[in-house]
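> Protein chains in written order, with this note's numbering: chain P, 1 to 137; chain X, 1001 to 1168.
Treat each hint with caution, since some may be false.
[What the hints assert, rightly or not] So the derived list for chain P, only partly shown, Cβ under 10 Å to chain X, looks like this:
no., residue
1, T54
2, M56
3, T83
4, G98
5, R100
6, Y102
7, T104
Think of the hints as simulated: they come from the structure by calculation, not from any bench.
Note that CB positions come from ideal geometry on N, CA and C, so glycine has one too.
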Amino acid sequence: MIPTILSVDDSQTIRKVLARLFRPFACEFREAANGEQGLALALERPPDLILLDTNMPVMDGITMLRRLREEPRLRRTPVLMLTAESGCDNLATVARLGVRDYVTKPFHEERLLAKIGRIIPLVPRPDEPTPPPAPFP
Amino acid sequence: MKPADPQPGFPPIAHLALPAVLDSLLGVTTTAASPPTDPLVDPDPPFAGAISLTGPSLEGRVRLTLDRAFAEAALARLTGTLPPPRADDPEVADFVGELGNMVAGRIASLLGSRGHPCSLGTPQISRLPGHPTGPGPGPDPGPLQSRTHWACDGHLLTMEIHGRFHTP
């Protein structure tokens, strides 16, 4: 069974980047635009990893994280914070909520994949080679 | 705890933040540029993304302005699509907001390292002719601290930082 990765980020740009990043790997990529949607998707089908932004409308990342930790089925779901904010207060809060790692945007794609690979297996799809990043036109 | 730097200079912070973010995000070099000349007619006004900074010892706003062509080129790079497809307004606005978010995040990190921690607001996107000056809509974020113009692969970007420091 292939792993499921859930991206929770209000930026469609970031979700598209992540979708491209995971396309060469045997995994299912799901996405949500805020914490409320993310929580609903996670409850419907618990993911193997959540990539979570902090600053979002409707429900922010830290609130979603607290709600996740209250749900027995999601309490142990690995979460990796993906955010533009790297303040000490945020780091301390998310560490207390059991976040596996914290990545600041903009992120290096290879480093992000390496961090994810330490949490869930990322197996290349046999029929899809990893494309190089497109040059800046 | 007394801030290490009572009022850090915003221009040096601006000069560190935007080039670093664009280099990390897109692998492009960004250089300081001259202010833009006002076009007689602007059929496709640039997009501006404003992000507030709020902390115990400061409040402010970062505003980044760039044109659709730059956003399309960047989106093509990020999503791996060539040639750059025409992006609709919501896609461009989303990119501008996210880029502004990253730049403001870098600025917030630099301010935090100088004793002025702050958090970011949600990006507010607007469109005005030319490269508009001024803090944009919303509560007064304080006086203009820095206005810088940047050239990146033939595209022009403008960044303004408004802000004020106060005793926590």
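> Could you run down the list of hints and mark each one as holding or not?
Results of checking the hints against the structure:
About 9 Å separates the beta-carbon of P:T54 from the nearest beta-carbon of chain X, less than 10 Å, and the hint is met. Annotation: interface hint on P:M56 holds; nearest CB of chain X at approximately 8 Å, less than 10 Å. A distance limit of 10 Å between C-beta atoms decides the matter here; for P:T83 the minimum to chain X is near 7 Å, and the interface restraint holds. Given hint, P:G98 at the interface with chain X, is violated; its Cβ is 22 Å from that chain's nearest Cβ, farther than 10 Å.
With a least beta-carbon distance of about 20 Å to chain X, the hint placing P:R100 at the interface is violated under the 10 Å criterion. Checking P:Y102 against chain X: minimum C-beta separation of about 13 Å lies over 10 Å; hint violated. With its C-beta approaching chain X no nearer than about 7 Å, P:T104 sits inside the 10 Å limit, and its interface hint holds.
Hint violations for this structure: numbers 4, 5 and 6, all remaining hints satisfied.
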